[in-house]
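> Each chain is listed here by its residues.
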Amino acid sequence: MLVLEISGLKKSFLGPDGQRTQVLDIPYFSLEAGAEAALRGASGSGKSTFLNIIAGILQADSGTVKVAGQEFTELPEAERDLARGRHIGYIFQTFNLLQGYTALENVLLGMHFGRGADRARAETLLEQVGLGERKHYRPRQLSIGQQQRVAVARALANKPELVLADEPTGNLDQRNAEEALALIRETCRRQGAALLLVSHAREILTQFEKVEELDALNRVGAANS
Amino acid sequence: MRLFLLLISRSLRQHALSACITIFSVALASGLLMAVFSLKTQTHGAFTGGEVGFDAVLGARGSQLQLVLNTIFHLETSPGNIPWSLYQAIKQRPSVKLAIPYAVGDNYHGFRIVGTTKDIFTDFEYQEGKKFKLQPGGELFDDTRADAVIGSFVAQRTGLKVNDVFHPYHGLLFNELTKHSEEYRVVGILEPTNSPSDRVIWIPIEGLFRMGGHVLRGTGKEFEAKPGEPIPDAAKEVSAVMLKFTSPQYGFTLSQEINGDGKVATLAWPIGNVMADLFDKIGWLDRVLALIAYLVAAVAIGSILASIYNTMNERRREFALLRALGARKSTVFSAIVLEASAIAALGSLCGFVVYAFILGAAAFIIRSQTGVVLDVFQPHWVMLLAPAGMLLAGAAAGTVPAMKAYRTDVATNLTPLS
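Sequences listed follow chains A and B, in order. Our numbering puts the first sequence at residues 7 to 231. Our numbering puts the second sequence at residues 9 to 426.
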């Protein structure tokens with residue numbers, strides 16, 4: 007069963023010179039439920055744009071994106087936001103934790119927009135990522151690696167079918183990167199969520215059985231990378 | 009709702025200083041609005057509509073307002089004197105239920121000494137059914153002795169007690185150099201009446217006639233009373249005669265007679281209308297105060313807008329992230345509007361403290377100066393309207409930054425700010 011199915015996806019941006027620049031042209035891409043896949047792409051190759059379109063944050067010019075059986079591209083914006091909260095977990099390179107909130111509140115906040123706040127589950131998730139003792143710490147009181155753990159817990163808070171990870175280890179040193187990657191994969195596996203990770207780091211990508219080249223998927227390909 | 013509470017509380021905590029300043033400015037505006045309108049209503053009511061116990065005041069030819077201020081509120085100077093014979097004549101009229109003479113001209117530490125008759129204690133009702141009542145241990149003055157009955161506020165402020173002796177001072181304003189040699193003994197202290205009478209020292213009218221240096225001109229010639237010798241009625245003068253009629257309509261007849269046809273005296277009637285004229289004349293002051301309050305309110309609302317709007321740049325990433333987590337645009341919009349409303353609500357709540365402080369201070373000053381007592385806790389429509397208005401205006405001000413948050417581009421703002 008597919009958790010993600012993309013067909014005929016095209017995306018372009020209007021440049022400062024008034025010209026449209028095509029960045030994505032992906033005929034087809036899919037991911038099985040509970041599976042994991044890595045996408046390799048150089049900086050500027052459109053990796054983040056691709057993930058943002060899957061998440062419904064950006065709209066494609068054409069094509070379809072189906073997540074957990076829901077046609078994202080056809081949903082009105084408000085419903086797309088709701089669907090994103092329920093079906094997709096997002097892990098960012100810069101963690102994007104809210105600074106004024108504790109680790110627990112960051113996780114709970116994610117739940118509010120999905121299946122509803124569940125304090126017990128939020129605490130369990132933080133314990134699973136090794137932060138049970140630091141759930142009341144604010145991001146600035148946590149190390150970089152610990153912040154990424156909070157981001158992982160938050161991404162999985164709503165029991166999403168699909169987790170998108172955009173260079174999730176980009177800001178970590180090698181030891182922390184390896185730990186974080188292991189944690190993401192393990193937590194996704196435990197929660198039964200499919201993982202789509204994009205990165206350009208060889209040491210990360212080598213750990214995945216299925217690694218796709220974004221340039222190979224994307225017809226615009228090397229022209230823009 | 010819990011989500012909004014979390015978002016609002018964290019935002020206020022993160023921007024605590026600007027939030028506190030904004031809340032304070034809203035409190036100031038709300039408190040000022042409530043104080044201005046409540047004060048206006050209460051002072052207007054107290055000075056024009058309150059019971060004073062008399063229907064009219066008869067005094068020297070001149071300003072009715074001056075006459076009322078001088079005799080009812082014990083403010084202002086006396087416009088002059090009228091002959092004792094006029095008091096006696098008016099007292100005899102069947103339609104005059106009560107006529108009490110007042111003679112003023114002395115003070116004790118700024119508190120006015122009023123020479124009068126015992127009728128003020130035995131027959132006069134300062135409110136329907138309420139007469140002046142002595143505190144335990146006191147008695148009324150004896151017309152033939154240098155006795156004094158003092159108001160409760162005088163006793164409180166001067167510390168005078170029963171059997172204490174004091175020297176009056178000449179004039180209505182206190183001046184240490186104008187001390188009379190006569191000694192007066194306090195024989196009674198009145199229970200509080202919450203009226204201007206609480207600020208008065210009552211002595212027998214004969215005492216004021218005989219005070220050293222006082223000159224009576226009832227006959228047109230100067231007459232100075234000598235100890236032990238009677239004062240001819242023809243020489244006597246009074247500052248005013250306080251009148252109560254058997255029927256209020258009689259005031260109209262008497263007013264026609266005295267103000268219309270006569271040339272000797274003035275009848276201030278009806279007293280409420282005389283004071284209302286004063287408030288009409290100083291109505292511009294109310295309008296200026298209200299305008300200032302409205303301006304402060306406008307500044308406060310502007311400060312809500314500015315304080316939230318100024319945080320928008322640093323919060324763009326926060327909004328983008330909330331959106332990425334699944335928050336709808338309308339959720340982000342509502343969170344900002346509710347945050348502005350929360351600031352306005354907290355400010356309005358603190359506004360009651362500001363209101364109590366302003367009205368308490370104003371009530372203290374007004375009571376000290378006039379004896380009129382204002383009730384800080386008296387309900388007034390503005391106490392609902394001002395907080396509600398601030399809340400609505402705050403929410404409206406919140407829509408401007410909320411619109412900015414609504415339009416936040418998620419994809420662009422998810423990347424770190426450089």
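Keep in mind the hints are simulated off the structure, nothing from the lab. For glycine and all other residues, C-beta sits at the position ideal for the given N, C-alpha and C. Don't take each hint at face value.
Taking lysine-lysine pairs in the DSS-like style, the calculated list, with each CA pair at most 25 angstroms apart, reads [what the hints assert, rightly or not]:
| id | chain 1 | residue 1 | chain 2 | residue 2 |
| --- | --- | --- | --- | --- |
| 1 | B | K234 | B | K126 |
| 2 | A | K165 | A | K141 |
| 3 | B | K234 | A | K72 |
| 4 | B | K126 | A | K165 |
| 5 | B | K105 | B | K138 |
| 6 | B | K229 | B | K271 |
Simulated DEER-style distance windows between Cβ atoms [as the list claims (entries may be wrong)]:
| id | chain 1 | residue 1 | chain 2 | residue 2 | range |
| --- | --- | --- | --- | --- | --- |
| 7 | A | R26 | B | A404 | 35 to 45 angstroms |
| 8 | A | Q25 | B | R415 | 16 to 26 angstroms |
| 9 | A | Y143 | B | F372 | 14 to 24 angstroms |
| 10 | A | P33 | B | I29 | 55 to 65 angstroms |
> Hint by hint, work out which the structure violates, then give me just those numbers in ascending order.
Result: hints 3, 4 and 9 break, sorted rising.
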